[in-house]
Amino acid sequence: MNATILIIIALAAFAAGYYFYSRFIAERIYALDPNFKTPAHTMRDGVDYVPTDKFVLWGHHFTSVAGAAPIVGPAIAVIWGWGPAFVWVVLGTIFFAGVHDFGALWASARNRGLSIGALTANVLGPRARNIFMMVIFLLLLMVNAVFAVVIAGLLVNFPTAVIPIWGAIGVALVIGQLIYRHKVGLLWPSVIGVIVLYALVFVGQAVPIVLPESFLGMAPTTQWILYLFIYAGIASILPVWVLLQPRDYINGLQLFVGLLLLYGATFIAGPNIVAPMFNSDVPAGTPSFIPLLFVTIACGAVSGFHGLVASGTSSKQVDKETDERFVGYFGAVGEGMLAVAAIICATAGFASLEDWQGIYSQFSAGGVNAFVEGGANIVSAGLGLGVGISATILTVMAALFAGTTMDTGLRLQRYVVQEVGEITGIGALKNGTIATFVALACCLALAFGAGTGGAGGMLIWPLFGTTNQLLAGLTLCVITVMLMRLRRPVIYVAVPLVFLLVMSIIALFIQLGSFIGNGDWLLVTLNLVVLAAALIVAFEAFMAMRREREAIATQAAE
Amino acid sequence: MAQKPPLAGRTAALFAAVSDRLGEFYAAPYRRAFAKAKQEEEDLFMLLIFSESLGVPNPATFYTLELLPTLYEDFHDWHRRMGIERSPLDGFRCC
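Residue numbers (the numbering used here), protein chains in the order written: chain Z, 1 to 558; chain B, 1001 to 1095.
Calculated directly from the structure, the hints in this document are not laboratory data. One or more of the hints may lead you astray.
Unchecked claim - In silico DSS-like pairs for lysine-lysine, Cα to Cα no more than 27 Å straight-line: (1) K54/Z <-> K320/Z; (2) K183/Z <-> K1036/B; (3) K320/Z <-> K37/Z; (4) K183/Z <-> K54/Z; (5) K54/Z <-> K1036/B; (6) K1036/B <-> K430/Z; (7) K1038/B <-> K430/Z; (8) K37/Z <-> K54/Z; (9) K183/Z <-> K1038/B.
Generate coordinates for the entire structure from the input sequences, incorporating the hints supplied.
In structure tokens form, the structure reads like this:
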């Protein structure tokens, strides 16, 4: 099949989902009210609560939720064939992610902009809230460990990308200085910054950087992981205006450029998909796609992390309740588009089925490298750039997504450690530098504890997906109970909730067996913790809904 | 009929609008971090101004003394933020 047809089907389905299904959800389920005063107005403080134009809000909601995950997940999952991955991304975005992200925004804005954590405590009770906090901590830990391994792999496999990836930090530092110290308008620094970033791609192409085979007994991947954590530690301590803010910004611009490049190149080149629709000849050791597909692709289909962004920042800035449909639902659609692009790159960017099978020789062997290699062929054919340059561009795109998520993740984790210091009264943990070291040590233990040289950290990808889906399940549970209290139909939220919980719990059992078989005791421990959390979440959800149903029955009887 | 503004004016207005939107896109996710940093700076300044009253010798008191009346208004919020339930100043009972 031609990839262009697949893109057209996906775009048509997303458009239909937005125009018809999200309208139905907005009018009949969440019952958006154009006269409702949002927290951005009722609690306006100029800091957290600020009414924001819906296009700008969509821009930073979308760039906050989009990262490397919608690339890595689909590029791993096409091992089962492009059909299951495509169907899950498209239907998952329309019926699961859109409803989840939109719902998180609606639930939070209807409750004074409370975060999903606080809403969990209010709606489901304090025990569910504790589970929620634990799941978030585990998720942050895995994000940092996984993404360090992803970037290190890219730096080793594509040495031409080393200069532009690290050069992006220089570009961000200069933009930060121009904006903060010299009060320069943003238009020209943005344009020049993006041009310099892409110029660095050509420099990197001319000067590839390869680390020594062994340094102090460490392989190149191990060395890069350590350098990345040292960098992330420093970045998380620096004032945000110095690096984090301009880096996020450049990354946001790059997201739009990257999407345009990938979709434009596919339309022009019209490559054929060489991978099978259903791969009946999967490599030995590949788990069954039910249930693993639904946790391997979390971001790009449905992701609990989106609920954190929707209720953490976006809900406090939404100007009108009717804007929530565009910001929340269409934000999920943007992420779905990125995941579709990743599927196309990882299945249509190869010359033959044999080439594709060579890459997908074992489970988790594809991933981001397949995205870069396949995508480079498509971009090269579509835009007339060299394959090497195209590969460097896509490597930079994927590495910057992962890098900015890692920066933010480590900073958030440092806050969590500092909070633990406050709660327990351990003074040393309150110190920012010590808290950063503790957070770094946890991430390093996970990255290297999962396999020699840190590269085995990718083993935790499905576990990361499961944890993310568990978080989505909690958010959907909160929304379901809220809808029950309002006497609204709950099936549109309850079906995704039950589906995610069932798939996550089955996947956790399967992963547990696999980790025990491999003797990965760190992962066994983590898996057991997440499994216990999943079972408690399922129990809490069931009990909360039963309580609501009884309350409704009692009222009806009276 | 109202006349259209010249092309140069419209282009400048378009650039300014795009720049404004980009500025909002740049600043919005970090408003809280900036507000916190500003608050911390102000808290340190309050400590400096009130240090003598709190029993901490301050060689700059002569220069900061006249700021005291201006900052009394914010003193209550400050001591609460510092984790001091009641006003620590003998001569100033805000709560």
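Verification of the hints:
The suggested pairing of K54/Z with K320/Z holds, with an alpha-carbon distance near 9 Å, which does not exceed 27 Å. Straight-line distance between C-alpha atoms of K183/Z and K1036/B comes to about 20 Å, which keeps the hinted pair within the 27 Å bound. Distance restraint check for K320/Z and K37/Z: the Cα-Cα separation of roughly 7 Å lies within the 27 Å cut-off, and the hinted pair is therefore satisfied. About 25 Å separates the Cα atoms of K183/Z and K54/Z, which keeps this hinted pair within 27 Å; it holds.
The hinted pair formed by K54/Z and K1036/B meets the criterion: a straight-line CA distance of about 26 Å does not exceed 27 Å. For the hint linking K1036/B to K430/Z, the alpha-carbon distance of about 16 Å falls within 27 Å, and the restraint holds. As the CA atoms of K1038/B and K430/Z are separated by approximately 20 Å, the hinted pair is consistent with the 27 Å bound. With a CA separation close to 15 Å, the supplied pair K37/Z and K54/Z stays within the 27 Å bound.
At roughly 18 Å between alpha-carbon atoms, K183/Z and K1038/B fall within 27 Å of each other, so this suggested pair holds.
In the structure shown, no violation is registered for any of the earlier numbered hints.
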